[in-house]
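The primary structure of each chain is shown beneath.
There are 2 protein chains.
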Amino acid sequence: MERVFNFNPGPATLPLEVLMEVQSELLDFHGSGMSVMEISHRSKDFEAIIGEAESSMKELIGGADDYRVLFLGGGASTQFAAVPLNLVPAGREADYILTGSFAEKAYEEAAKLVKANIAANTKADRHNRIPKAAELQLSANPVYVHLCSNNTICGTQWQSFPELKGIPLVADMSSDIFSRGFDIQKFSLIYAGAQKNLGPSGVTLVIIRKELLEQVNKNIPTMLRYDIHAKNDSMYNTPPCFSIYIVNLILRWLKNNGGLPAMEKRNREKAALIYDAIDGSGGFYKGHALLEDRSLMNVTYRLPSEDLEKAFVAEAKQQALIGLNGHRSVGGIRASIYNAMTLEGCKALAEFMKEFQSKNG
Amino acid sequence: MERVFNFNPGPATLPLEVLMEVQSELLDFHGSGMSVMEISHRSKDFEAIIGEAESSMKELIGGADDYRVLFLGGGASTQFAAVPLNLVPAGREADYILTGSFAEKAYEEAAKLVKANIAANTKADRHNRIPKAAELQLSANPVYVHLCSNNTICGTQWQSFPELKGIPLVADMSSDIFSRGFDIQKFSLIYAGAQKNLGPSGVTLVIIRKELLEQVNKNIPTMLRYDIHAKNDSMYNTPPCFSIYIVNLILRWLKNNGGLPAMEKRNREKAALIYDAIDGSGGFYKGHALLEDRSLMNVTYRLPSEDLEKAFVAEAKQQALIGLNGHRSVGGIRASIYNAMTLEGCKALAEFMKEFQSKNG
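Keeping their order, the protein sequence lines are chains A and B. The numbering of the first sequence is this note's numbering, which starts it at 322 and goes up by one. The numbering of the second sequence is this note's numbering, which starts it at 322 and goes up by one.
Extracted from the complex, chain A is given alone in its bound form (with noise of 0.2 Å):
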């Protein structure tokens, strides 16, 4: 088996240890002679594993002791829904700030079942930045602000996180979570689909603070309840269990490695490697995001023509360099690099765009 450097924006590339271990214990887990995905989610085995997985991410975060960490099936885009639904009371309403295709995406949902406000849009300049606090026009009283602190399409990242004088806020970090330290206090809710940074498909990250458990919608459908799934700790139907399996491996393949801190410098050190060679081609690379809200998850620039650009692809897939097209909706090249992308994968793709540039400059 030859693996290969794999640039997939989600699902996307896992740690190579995580995986061995998986397919290892595939058919016996811990020796109760049945696979993971056979045992029951009411088990003591599966109580321990989702036991585990909350209690690695409150201490990967730090300080989360006022929160709960729920692990829901459905994707975020159900969060798009479930998040609204479940915090905005009648009359009222929530900001949104766009800044790409899953911030509107939240937004139109929002705006569909509740009251919602456009606080800032950056489409005019084709998503390329994050706002400044001084352009974000906010409602009279929002319940609180949305936005999505990475942009996968993009390429964008909120590098800080706006003060928003007690104004809770809400994040969709499905592309960046755990890629770098935060401060969940910061935050009211964040939810994050696991396929970017944490594992599979198939899983839903969802952490809100303790105390908003208690002023929820409840007229809503029961499993968007926020206030249900954590009376139930996540089991208030059959959860997604092998997904949330793995994302505790992953969970603890992240503390292994130093955590959050680790993660980020290494993270920065892997993104400068691709940065470099766009900043250093003399324009050949044009990066899609302003210098200083570049993303270090996803990678996104242009070459001179389309026709370079397919070639581009094609060639990086011959030297087993995947899923570099740009998303469908922009073109251009996206190298998405989360978490699980090694060193030496961005090395390669940084040698491989000098290369492909001194043949094609």
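Since no wrong hints were added, every one of them can be taken at face value.
In this list, chains with the same sequence are indistinguishable; a pair is considered to hold if it fits within one copy or across any two.
Below, computed lysine to any residue pairings styled on SDA-like, alpha-carbon distance capped at 25 Å:
1) Lys433 <-> Ala411
2) Lys586 <-> Ser481
3) Lys668 <-> Ala632
4) Lys507 <-> Met584
These aren't lab readings, by the way, just hints derived from the structure by calculation.
Starting from the known structure of chain A, fit chain B onto it as the hints suggest.
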């Protein structure tokens, strides 16, 4: 490694051949150099998986050309809300037949969200039976009648489905889907969580008549909308890819093993082994369900005392017969013998039952 006989009610035992295939290609899916968990849901490889799964389903059922097959996240509990929210227009109502805990949950969720009527309820008989056609008290003009085809907790199963003179039938088939042949044309919509007969938890199958897709309500959360999922071939968002991959392998396994007729024959043989041990015990084992309503999937019975039941479960476990305790709400013994449980496993359980009786009877 020594595999046990796993009688868990769900997540449940899976075919060993399938697990071995999953294990063998876990690090490298079909020469891609990536795990199937790491490939894009928009890749040709994954499209082939989900496409094969849909066509295998239609092949197994037969004559389902006017239906769409959807693979959704969120569990069957999400469908408890999605069904009424999609299908019941303002001013109309839906009828529910209450034959057990999950049928009750489906009704309670519907009653919370739309108008719902109880057409029959077997609770007074501790859900030990399926109602007769003459018992059904339908409302004047129901949008649909909902039933649960197999009741996991109490061990009853519809042997044939009611004739409703054109009223659409909706069924939760979570615990007996593809365990026997059935006429899809009788149903407007069926749904099933995968974790009993189809694969690991984390994905729910929905089979819906195409013409219904044009009539569904649109002012509901997007992720609950059947028309959106159908239009996007179950990829409106990132689906639970790994669970779908295993479902596809299970469907292939079903086809390679003779399809639904062969599965039904084997399931009847398997269930007969255990029911014969009950019926031949002279009253030591007492079945919960009425004879004519017995489930082929979940065999539920009591012993003369709770102490004996505890001893039974404990001694069975020592003989590698796992997961035999009844649901916490009803107690007793429950042997879940879904498609993937072998005849050998059922023989071992029947033998054990006889031994246990001879020692304790």
